[in-house]
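Chemist: As they're listed, the protein sequences go chains A and B.
As numbered in the numbering used here, residues 1 to 432 make up the first sequence, in order.
As numbered in the numbering used here, residues 1 to 155 make up the second sequence, in order.
No lab work stands behind these hints, which were simulated from the structure alone.
Just so it is clear, CB atoms sit at the ideal spot from N, CA and C, and this is done for glycine as well.
One should not assume that every hint holds.
[Claimed, not checked] Keeping only pairs whose Cα atoms sit at most 25 Å apart, straight-line, the calculated DSS-like set for lysine-lysine is:
id : chain 1 : residue 1 : chain 2 : residue 2
1  : A       : LYS209    : A       : LYS261
2  : A       : LYS393    : A       : LYS364
3  : B       : LYS75     : A       : LYS261
4  : A       : LYS209    : A       : LYS253
5  : A       : LYS276    : A       : LYS261
6  : B       : LYS83     : A       : LYS261
7  : A       : LYS176    : B       : LYS153
8  : A       : LYS163    : A       : LYS391
9  : A       : LYS391    : A       : LYS176
[To be verified] Every beta carbon over 10 Å from chain B, so not counted as near; a handful from chain A, in silico:
id : residue
10 : PRO78
11 : THR121
12 : PRO338
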Amino acid sequence: MILRILTSLFIIYSSFLSSDLRIEITKGIEDPIRIAIVPIAWNLENPPREYLHQIISSDLESFGEFVSLSPKEMLSLPNSEQEIFYRDWKLLDVDYLVLGTASRGESLQEIVVNFSLFNVTRERLMKRSISVGSASYLNALAHIISDRIYNEINGLPGISSTKISYINQNREPEQKYFLRVTDIDGRNDSSIFSSSEPLMSPSWSSDGKRLAYVSFEEGTSRIFIQEIYTGKRKGLKLERGINSSPNWSPSDKYLAAVLSKEGNPDIFRYDLENDKWKQLTDHFGIDTEPDWSPDGRKIIFTSNRSGSPQIYEMNVTNKKIRRKTFEGTYNARARYTPDGKSFVFVHRRDGLFHIAVQNLRTGKLQILTDTTLDESPTISPNGKVIIYATKDKEKDILAGISIDGKTRFILPTNSGGVREPSWSPLLVSTGN
Amino acid sequence: MSLFDQFLVLAAIICSFSGCAAISMDRAVEVETVSAVAEPGYSDSDSPVGGTIYFDYDKYNLSSSAISEIRELAKSIKSSSSKVRIEGHCDERGTREYNLALGERRANVVSELLQVNGVPSSSITTVSYGEERPVAYSSDESSWSKNRRAVVKVL
C-alpha cells in the first residue's frame with residue numbers, strides 16, 4: 001500500500017517535470033478532420049487548473065488526423081444540445097463538435113465527465129458518454145475521452161492512453177543505459193531500469209503489464225522480464241552465446257527469442273510456465289528478430305539463409321517456412337500490423353536504410369520513410385501509426401509516420417540518444 | 001568437439017582463405033573499402049597484450065594480415081597460459097539484433113583461428129555487443145571502420 005502511494009506520488013511529481021518526447025508534426029495531411037472541443041463546464045466550486053478540452057484537443061491532433069478549433073475562434077460556447085446553432089459551426093468549417101460537463105463523483109477524488117459528440121454536417125448527436133476518473137489523473141481521464149471520440153469518428157481504437165518504451169543512452173558524464181516508459185503524449189516519462197552495460201530490445205507483454213528486454217549487466221546478453229508497475233524482475237534461463245530478441249506471444253504464455261547455443265543464432269520459444277526453451281528454427285545461417293502474428297499461429301523473422309538478410313514466415317505448428325521478401329538485399333526486423341495482413345520492416349535501397357511496409361498476400365512493398373538510417377519500427381495498436389528510430393546528425397532520435405505515409409513527425413528530446421521504441425498494446429478498454 | 005563444431009571450424013578456416021564467398025553477406029554500395037586489417041596500436045582493450053581485428057562492412061572473414069596478427073596473438077596467449085575474452089562489434093548500419101548475430105560471427109571466427117593455432121577452447125570466451133558499444137560515433141566510413149571489430153582482451 002505504501003509502495004502504491006509512493007508510486008502515485010512519483011507519477012504526480014514526474015508529471016510536473018519537463019517531459020521528453022513530445023510529438024512534433026513535420027508534415028500533416030491535406031484534409032484533416034476539423035473538430036471543436038468546447039471547454040468542459042465544471043460543476044465544482046474550485047475547478048482544477050488543468051483544462052480537459054486542451055488535453056483532448058492535443059490528443060486528437062497528435063498524429064495529424066484532426067485539427068481542433070481554438071475556443072477563441074468559437075462563436076458561442078454551448079453547454080447543451082439546445083444551445084447549439086449548427087449554422088455557426090458550419091461557418092467555421094467544423095465537422096464534429098464536443099460538449100461536456102464535469103462534476104464531482106461519489107468520492108472527493110472522483111471526477112465524472114458527461115460529454116456528447118455531434119456531427120455538424122448531419123446536425124445530429126452521435127454519442128453521449130460518461131467517463132469517470134480520478135482528480136489526480138485528469139490527463140488519463142482526458143485520454144479516455146479522446147479515445148472514445150476517436151473511436152466513434154474513425155471506427156478504430158484511439159491510442160491516446162497508450163505508452164511507449166524505449167532505450168535511452170547517455171554518454172556524459174558516464175556511459176549509462178536506461179529502459180524508459182512514457183505516456184504517448186510525453187507525460188510520466190520514467191526510467192524503469194538502468195545499467196552501465198547495454199540494454200536492448202524492449203517488448204511489451206500482450207497484457208501491457210510487463211516488458212521483456214535484453215541486458216548485458218552480467219557481461220553477456222541475457223533476457224529479463226520486468227513488471228512495469230512493481231519493478232519485479234526475473235532473468236530467463238541463460239544459455240551460452242546470444243540471448244536476444246524477446247517477443248511475447250499473444251497469449252503471454254511464450255516468448256519467441258534468439259539463442260546461439262547450438263553455434264549459430266536460431267529462433268527459440270520460451271515457455272514461461274516451466275522455464276524451458278524449445279528450438280523452432282534450425283539453420284546454419286543467422287535467424288533472428290522474431291515477431292508473433294496477432295493470431296499466434298505464425299512467427300515472422302529475419303534470416304540470411306539465402307545469402308542476404310530477408311524476411312521469412314514460419315507456421316508455428318508445422319514449422320513450415322516461407323520467404324516473404326525478394327526486393328533488395330537487406331530486409332530485416334519485421335513487425336506484423338495488428339490485422340496480421342501486412343508487416344513493416346527495415347529495407348535497404350541504394351545503401352540507405354528505410355522503413356517499408358509489405359502486404360503479405362500481394363507481396364507489394366512500399367517504402368514509407370525518406371530518412372536514411374532507420375530501424376526498429378513499432379506499430380500503434382490500432383495499426384495507424386509507426387514510430388521508428390533514426391539519426392539526426394550524430395544523435396539517435398525517434399520519428400514517426402502514419403502507415404498511409406501522409407503524416408510525418410519527430411519526437412524531439414533533450415536527454416541523450418533515444419532508440420528502440422516499442423509501442424504498448426491498448427491499455428484501457430475504450431469500449432462502451 | 002561434435003562433428004558440427006568441427007565442420008564450423010573447418011568452414012571458418014576455408015573462409016579465412018577463400019574470402020568466404022559461400023556464406024558471407026552481400027556487399028553494399030560503399031565509398032571506401034577497408035579491408036580487415038589488424039591494428040595493434042588501436043585497441044579498446046585495457047590489457048597490454050591482446051588486440052583488435054577489423055572487418056569489412058557486413059563481413060566476418062579475415063584478411064591475411066588479420067590472420068598473421070591472430071597467429072602472433074595465439075603464441076603469446078599460449079606462452080602465458082592466459083584466458084581471453086573476445087568481443088565482437090559492428091557498425092551502426094542495419095538492424096540491432098541482426099548486428100548482434102554478425103558481431104558473434106566476428107568473435108567466433110577469431111576464436112576459431114586462435115584454437116586452430118593451439119589456444120585451448122577452455123581459455124576463450126566470446127561475447128557479441130552488436131552495434132551497442134561503438135568506439136566512434138559519426139555516421140561516416142571513418143567511424144564505421146573503427147567500429148567493425150573483434151577485440152581480444154587478455155583477462
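Chemist: Of the numbered hints stated earlier in the document, which are not met by this structure?
Modeler: Checked against the structure, the hints that fail are numbers 1, 2, 3, while the rest are satisfied.
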